[in-house]
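Work the whole structure out from these sequences, hints included.
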Amino acid sequence: MSTARKILIFGGVALALFGMLYGLHYAVFVEHQTLDGMGRSLTLAFTCGAARNLPEAQGYIHGYADTKYKYVRQVDVHSHWIGLAMLMIVLGAAFDSAALGASMQKLVALSMLAGSIAFPLGVMLQTVTHGGALANGFAIGGSALVIMSLGLTAFGFARDAL
Amino acid sequence: MAVWGPTSPQGLEARLTQASGRPNPVQVAGTFSAMSAKRLLVFGGIALIAGGMLFGDIFAVFVLHQNGGETGAALLAATQAVAAQDGSAVQKSFAHIGALLEDRGTKVDTHVHMSDAGYLALLLALIQPYVALGGAKKKLLAIMFLAGGVALPVGIFLIHYVGLAHSPFAAIGWASVLADSAGALMIVALAGFAWGLLKHFASKREGTLEPELIRDRSWERRALLSGGTLLILAGFLHGAWYSWAQLYEHEARETRILTTMLDAAASNQAAVAAQSVNDFGMLAAQRAVQIAGHSHFIEFGLLAVLLSFVQPYIFLGAIWKRRWVKLLLLGSVLLPVFVLLELKLGLVAGGLADVGGLLVIVALIGMLAGVLRCTGELDSRDGELP
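Chains as they are written, first to last, in this note's numbering: chain A, 1 to 162; chain B, 1 to 386.
Calculated directly from the structure, the hints in this document are not laboratory data.
For glycine and all other residues, C-beta sits at the position ideal for the given N, C-alpha and C.
One or more hints might be untrue.
What the hints assert, rightly or not - Calculated lysine-lysine pairs in the DSS-like style (CA-CA distance at most 25 angstroms, straight line):
#1 B:LYS204 to A:LYS106
#2 A:LYS106 to A:LYS6
#3 B:LYS92 to A:LYS68
#4 A:LYS6 to B:LYS199
#5 B:LYS92 to B:LYS137
#6 B:LYS204 to A:LYS6
Claimed, not checked - Covered stretches of chain B (chain A as the covering partner; in silico rule of three or more C-beta atoms under 8 angstroms from a C-beta of chain A):
#7 229–242
#8 261–268
Below, the structure is given as structure tokens:
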């Protein structure tokens, strides 16, 4: 098995395990509480509106928006980590068919691994820093690495196909 | 029985591969033995994906839009309750919205979990040669995984209908228990396969325990590999564009709409409140189509790449094999593209997206029939093989 395939397959399995553990922790300790919080905030906002207490209603709407901002990203982290892991394993299985040189294959595999770790990590950091430079840098840089690796892989498969 | 053999393209595979780039039946039989874990996972995987997609298509046609309409009506009732200063009616409306969201959410989850269990099954079929366990153990793990893959979406689907009826738990119903147990069964099976993988790579064994799935260089395989990767790339590019251009704007707009809705309801401006409810529904639809477009591009791409490995086991004429591949790729492009155009082109785009989904389902069933023919032919001539 080539080094590039090992990076993709082992990296993918490790990332999938990490993503599943994160998902398990999230499902048991965070998700239900977060969903309850979102529902409660909206209900309380409208109940306050019915009582004509609009400043408090606004506070609940902002609370809802803040919780949803985190919820969307936490779900994205889980699904992207596992999705990227599956993609790495599948590409690892097929990587011999990518018409790229050995060193380029290794570079693509390393970029894919680095991007697949950094992109969801950046999204997770966004929930802590609410979009700080470091978090955005990880998310944007990671996704750029994944896209670049995928582009090169598609090029390799297309070259083999033609 | 474990088969020890060379795995490199220069080994047995390459020697047996015919000049056309297609494998011969002896080679196919050696890598796809009767009732093996690999065969079960390939069958089960394709069937689960086809089932998950069929459910998704039915959901999109018969449930999705109706559910959205009812949610909008419940939100409008909540604004009217605010205008009437009726706190208990507000609570009732939101309880109704919660039930509608649960109805929709469990159906989306059923579709996603059934399809994803299928993808995982195909993925597990690929790694079987590296799983250092006996044939019977592998088969048991495969059966456990597939049983969990069927029971998990069934359990999720039933959550909304069974609720907490006859449940001994305060917050978890029997359907959730079924879904969670099925999930646990799948985790145990995955852990078993992972243990086998670890054993294989920890040993200093040359080659694999059984032959890898054949890697031919047929047109079908190359088209699925390159087409699938391009679809995944398109999905990633679209996702990056969405998060850059629309995600934050959508989040800010949602807060603005809710504020306007509440202010209008509290000041008895019924028309403004109703418009805000419409705006809220439109925003939800805009988000939903972008996310559905993004995820379907990637999922269909992954499916195409996974199916490229199964091509040597589809015993159909070359013309039919190509037809199914073309149909699958065509449907894989049509569905996400027309989902994204749904808000611009309306029902026509929605219908074309559903047709795209149907094309993928038909292609999957066609390929599954080809795999069935392959196993039938191999098993019937089993005794004649060298």
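Task: Agreement of B:LYS92 and B:LYS137 with the hint, judged by alpha carbon distance not exceeding 25 angstroms - done: violated (52 angstroms)
Task: Straight-line alpha-carbon gap A:LYS6 to B:LYS199, limit 25 angstroms - done: Holds. A:LYS6 to B:LYS199 sits at ~16 angstroms (cutoff 25 angstroms).
- [ ] Given the hint that B:LYS92 pairs with A:LYS68, test it: the Cα-Cα distance must not exceed 25 angstroms.
- [x] holds (22 angstroms)
Task: B:LYS204 paired with A:LYS6 [C-alpha distance capped at 25 angstroms] - done: holds (15 angstroms)
Open item on the list: Please verify the coverage claim for the segment 261–268 of chain B: does it have three or more residues whose C-beta sits within 8 angstroms of some C-beta in chain A?
Closed with: Since three or more residues must qualify, the claim that chain A covers the segment 261–268 of chain B holds, with 4 doing so at under 8 angstroms.
Open item on the list: Holds or violated: A:LYS106 and A:LYS6, Cα atoms, limit 25 angstroms.
Closed with: holds (10 angstroms)
Task: Whether chain A covers the segment 229–242 of chain B (at least 3 residues having a Cβ closer than 8 angstroms to its Cβ atoms) - done: holds (count 8)
Task: Agreement of B:LYS204 and A:LYS106 with the hint, judged by alpha carbon distance not exceeding 25 angstroms - done: holds (23 angstroms)
Hint compliance for this structure: hint 5 is the single one not met.
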